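*Asks:* Keeping the supplied structure of chain B fixed, place chain Y upon it in accordance with the hints.
Residue strings, one per chain:
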Amino acid sequence: MPTLTINQKSITVPDGTTIIQAADKLDIEIPRYCYHPGLSIAGSCRMCLVEVERIPKLQPACNTRVSEGMVVHTNTEKVKEAVSGVLEFLLINHPLDCPVCDQAGECYLQEYYMKFGLYESRMDENKIKRHKAEVIGPHVILDTERCILCSRCVRFVNEVSHSHEIGIFNRGSQSEIGLLPGKVLDNNYSGNVVDICPVGALTDRGFRFQCRVWYLSETNSICPGCSRGCNISIHSNRQRPHHAEGRRVVRLKPRFNAEVNHWWICDEGRYGYKFIDDPSRISLARVKEKGEFLVLTLDQAIGRAGQKLKEALERAGRDSVVVIASPQLANEDLFVIRKFWGEDLGLSQIDFRIPNQNPARGDDFLLRADRNPNTRGAEAILLDENGFDLTQLLRREDSRKFQLLCLFGQDLTKKLGVPWAEKFLQQFEYVIYVGSNENETSALSHLILPSATYAETEGTFTNFEGRVQKIDQAVEPLGDSLPTWETVSKLARALGYGYDYDNAEEIFGELAERVVEFQNLAYEKIGDSGVEITDVSKMQVK
Amino acid sequence: MNSRELTFTERLYIIEVFKGLWLTSRHFFSNMKRHLARQLGLNRVERGAVTFQYPEERRPFSHRYRSRHRLTKREDGSPRCVACMMCETACPAHCIYIVAGEHPDPHIEKFPIRFDIDLGVCVFCGFCVEACPEDAIRKTSCSKILAYQSTNSPSSSSAISLNKGRANVDGILILS
Numbered sequence: 001m002p003t004l005t006i007n008q009k010s011i012t013v014p015d016g017t018t019i020i021q022a023a024d025k026l027d028i029e030i031p032r033y034c035y036h037p038g039l040s041i042a043g044s045c046r047m048c049l050v051e052v053e054r055i056p057k058l059q060p061a062c063n064t065r066v067s068e069g070m071v072v073h074t075n076t077e078k079v080k081e082a083v084s085g086v087l088e089f090l091l092i093n094h095p096l097d098c099p100v101c102d103q104a105g106e107c108y109l110q111e112y113y114m115k116f117g118l119y120e121s122r123m124d125e126n127k128i129k130r131h132k133a134e135v136i137g138p139h140v141i142l143d144t145e146r147c148i149l150c151s152r153c154v155r156f157v158n159e160v161s162h163s164h165e166i167g168i169f170n171r172g173s174q175s176e177i178g179l180l181p182g183k184v185l186d187n188n189y190s191g192n193v194v195d196i197c198p199v200g201a202l203t204d205r206g207f208r209f210q211c212r213v214w215y216l217s218e219t220n221s222i223c224p225g226c227s228r229g230c231n232i233s234i235h236s237n238r239q240r241p242h243h244a245e246g247r248r249v250v251r252l253k254p255r256f257n258a259e260v261n262h263w264w265i266c267d268e269g270r271y272g273y274k275f276i277d278d279p280s281r282i283s284l285a286r287v288k289e290k291g292e293f294l295v296l297t298l299d300q301a302i303g304r305a306g307q308k309l310k311e312a313l314e315r316a317g318r319d320s321v322v323v324i325a326s327p328q329l330a331n332e333d334l335f336v337i338r339k340f341w342g343e344d345l346g347l348s349q350i351d352f353r354i355p356n357q358n359p360a361r362g363d364d365f366l367l368r369a370d371r372n373p374n375t376r377g378a379e380a381i382l383l384d385e386n387g388f389d390l391t392q393l394l395r396r397e398d399s400r401k402f403q404l405l406c407l408f409g410q411d412l413t414k415k416l417g418v419p420w421a422e423k424f425l426q427q428f429e430y431v432i433y434v435g436s437n438e439n440e441t442s443a444l445s446h447l448i449l450p451s452a453t454y455a456e457t458e459g460t461f462t463n464f465e466g467r468v469q470k471i472d473q474a475v476e477p478l479g480d481s482l483p484t485w486e487t488v489s490k491l492a493r494a495l496g497y498g499y500d501y502d503n504a505e506e507i508f509g510e511l512a513e514r515v516v517e518f519q520n521l522a523y524e525k526i527g528d529s530g531v532e533i534t535d536v537s538k539m540q541v542k
Numbered sequence: 001m002n003s004r005e006l007t008f009t010e011r012l013y014i015i016e017v018f019k020g021l022w023l024t025s026r027h028f029f030s031n032m033k034r035h036l037a038r039q040l041g042l043n044r045v046e047r048g049a050v051t052f053q054y055p056e057e058r059r060p061f062s063h064r065y066r067s068r069h070r071l072t073k074r075e076d077g078s079p080r081c082v083a084c085m086m087c088e089t090a091c092p093a094h095c096i097y098i099v100a101g102e103h104p105d106p107h108i109e110k111f112p113i114r115f116d117i118d119l120g121v122c123v124f125c126g127f128c129v130e131a132c133p134e135d136a137i138r139k140t141s142c143s144k145i146l147a148y149q150s151t152n153s154p155s156s157s158s159a160i161s162l163n164k165g166r167a168n169v170d171g172i173l174i175l176s
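Top to bottom, those sequences are chains B and Y. So for the first sequence, our numbering puts the first residue at 1; every next one is plus one. So for the second sequence, our numbering puts the first residue at 1; every next one is plus one.
It should be emphasised that the hints constitute simulated quantities derived from the structure, not laboratory data. Keep in mind that this is a model prediction, so the values were computed, not measured. Cβ coordinates follow ideal geometry from the N, Cα and C atoms, glycine included. Treat each hint with caution, since some may be false.
What the hints assert, rightly or not - Residues from chain B that keep clear of chain Y, each with C-beta distances beyond 10 Å, as calculated: (1) 100; (2) 170; (3) 256; (4) 316.
Unchecked claim - Straight-line Cα separation of at most 20 Å, EDC-like style, residue types lysine to aspartate or glutamate; simulated pairs: (5) B/127 - Y/105; (6) Y/73 - B/97; (7) Y/73 - Y/105; (8) B/490 - B/344; (9) B/132 - Y/57; (10) B/253 - B/267; (11) B/415 - B/389; (12) B/401 - B/379; (13) B/401 - B/319; (14) B/127 - Y/134; (15) B/414 - B/344; (16) B/129 - Y/135; (17) B/183 - B/159; (18) B/490 - B/343; (19) B/132 - Y/135.
Claimed, not checked - So the derived label-pair ranges between C-beta atoms look like this: (20) Y/131 - B/535: 51 to 61 Å; (21) B/259 - Y/74: 52 to 62 Å; (22) B/479 - Y/131: 28 to 38 Å; (23) Y/94 - B/310: 48 to 58 Å; (24) B/479 - Y/144: 41 to 51 Å; (25) Y/131 - B/220: 29 to 39 Å; (26) B/167 - Y/74: 57 to 67 Å; (27) Y/94 - B/172: 45 to 55 Å; (28) B/188 - Y/131: 53 to 63 Å.
Bound-form chain B, shown alone (with noise of 0.2 Å):
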């Protein structure tokens, strides 16, 4: 564990750490284009020089190892000067294109020359012309003029998705980035070479002139695509809705954590944020009548909600009313799902487990086959010893009716098939559904409540690993939208229930209260990475 002094400060670390990671830990910014704690060590930039005492030449940071009492400094004169050097070097065939282009406000190019540049041109020759906005995958456009030939998306197919689809070819000043013979940079994670490139030779075909980034708020949350968790920040255009034709969240990034996805994401999350501003999004709360829907107002829908059910728990009693959550869904709203209608209302026919016929792939790296990413709180929160089975309700063959069935935001046609979902939901009087967008489930159902995107509220989602995670409300929910929880609320208010919760917060530390896997946590210490539930099954064995 030798100890070292940056800058004044001194730090001990491990044996074997390069005197960037120190500097990282002491928050002394060195600057950096190819290392990336991620990937492996090119030490091809010579950004991050750092004057060592007893050494004469300036030594790169991110590939010399410290050592007991190296003394390093990062901001002398000798080090600003040969900073500020190499990035004349690197601009001396940049086209200076900021203004169309999409790295612009989050270029390291941009950053480094406003801190340690600074100079006037010298450069007399014509730049050389490369090719530009060359396409070499569905999600990656390749800009080779802008390119500082770094290494970093060449280190990242190699070692990371091992996809090897792209590399350096030519020599010298010819160099340039380019993909291998016959590929095509389509792997699922080829989103994170747009991300780690420092400069804007990679950028997202799918961002590409819709919103400057200066425009952007980010807001951190949990990606809903699979059962994996990853963390990522919602970059949401709120002030200029001109751009990137109106839609509120314009790209997804992933967010450091070092439990769950450290720097990646996958494809499939990334992109998977297009339907919070699809047109498909049911804004307004509808009522089917003569075979066509009405628009209703929310107070009018969850009257008529608290009526259909009154009657059907009058009629036929609790057996006649079925209840599928959804594993989209917050723990929060699950909780309140489960004690309006199974603790106040007594059910028992409450499951989100449907048999998923066309079931998904998951990968060897973060993408779960599981899409859902709260399957893990939804088994906590919702099912219990009495062992009710969706599965069976579903097979079942008797003709016996069911008055009411409330179904949140699963496509059932999707997950079944039409035939099956059609049979099934022909056996109920009167279904309500809550959901965010519009499918062919919601169109053979009598009543639709809105709900809010993950975008749009705040909870937390428990992924498989049983990690709560927490996700914040980015955008306001759309129209007469709320969170599934406030929906709840709303309709055990309407049956004379007291339900007046005022967040989710509020939910939770109920939730910690009551649920044997969520006790001793409390929402306040969820913060950016997280917190592990109990694991009941490890508890009884102990």
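*Replies:* Chain Y in isolation, oriented as in the chain B frame:
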């Protein structure tokens, strides 16, 4: 702000009303005297106050006056603007609306498929001109920014193009 305590006569109010009437009528009659004297050729030095019948009559502006925007063109006539949104970002009135599109020439890459300035909101500060890295937007001395209705269709005679209160890129290019 502390306001002065009113005196007794001021608080009576009626005296102040007559003082005000006196001030107004003094201006009226002194102006009328100057106009009459000028008309009769008695005094050519002193001028009475003048009312312009705007918009039919126009006060002459200095040539250095900069008001209405125009977008400059490339040699082929297409707008020089590359839709970098610098002017939109700098605009303190938030009255510039640009939507970017893909230009067929990869060395231009980006161009505006919509460039609207809401002249009803614009404060004519000129920040957009300062911010532009391409010299694509300038201000002209054209001061004819008027329409009887905000929904007027572009009128060819006055070369003013207002569409829903917005001068679009074509309207501005006609002016240049």
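*Asks:* Now tell me if each hint is right for this structure.
*Replies:* Quick rundown of the hints versus the structure:
1. 100: violated, 4 Å
2. 170: holds, 20 Å
3. 256: Non-interface label on residue 256 of chain B holds, nearest chain Y Cβ at 29 Å vs cutoff 10 Å.
4. 316: Check passes; 56 Å lies beyond 10 Å.
5. B/127 - Y/105: holds, 18 Å
6. Y/73 - B/97: holds, 19 Å
7. Y/73 - Y/105: OK: residue 73 of chain Y and residue 105 of chain Y at ~16 Å, within 20 Å.
8. B/490 - B/344: holds, 14 Å
9. B/132 - Y/57: violated, 54 Å
10. B/253 - B/267: Answer holds: residue 253 of chain B to residue 267 of chain B is near 10 Å, not above 20 Å.
11. B/415 - B/389: holds, 17 Å
12. B/401 - B/379: Violated, at about 27 Å.
13. B/401 - B/319: Distance ~11 Å between residue 401 of chain B and residue 319 of chain B Cα, so the pair holds.
14. B/127 - Y/134: holds, 19 Å
15. B/414 - B/344: violated, 32 Å
16. B/129 - Y/135: violated, 23 Å
17. B/183 - B/159: holds, 17 Å
18. B/490 - B/343: holds, 16 Å
19. B/132 - Y/135: Answer violated: residue 132 of chain B to residue 135 of chain Y is near 23 Å, above 20 Å.
20. Y/131 - B/535: 51 to 61 Å: holds, 57 Å
21. B/259 - Y/74: 52 to 62 Å: holds, 53 Å
22. B/479 - Y/131: 28 to 38 Å: holds, 36 Å
23. Y/94 - B/310: 48 to 58 Å: Holds: the Cβ-Cβ distance is about 50 Å, inside 48 to 58 Å.
24. B/479 - Y/144: 41 to 51 Å: holds, 42 Å
25. Y/131 - B/220: 29 to 39 Å: Since residue 131 of chain Y and residue 220 of chain B have Cβ atoms about 32 Å apart, the given range 29 to 39 Å holds.
26. B/167 - Y/74: 57 to 67 Å: violated, 37 Å
27. Y/94 - B/172: 45 to 55 Å: holds, 48 Å
28. B/188 - Y/131: 53 to 63 Å: For residue 188 of chain B and residue 131 of chain Y the Cβ distance comes to about 40 Å; the hint is violated.
Violated hints for the displayed structure, listed by number in ascending order: 1, 9, 12, 15, 16, 19, 26, 28.
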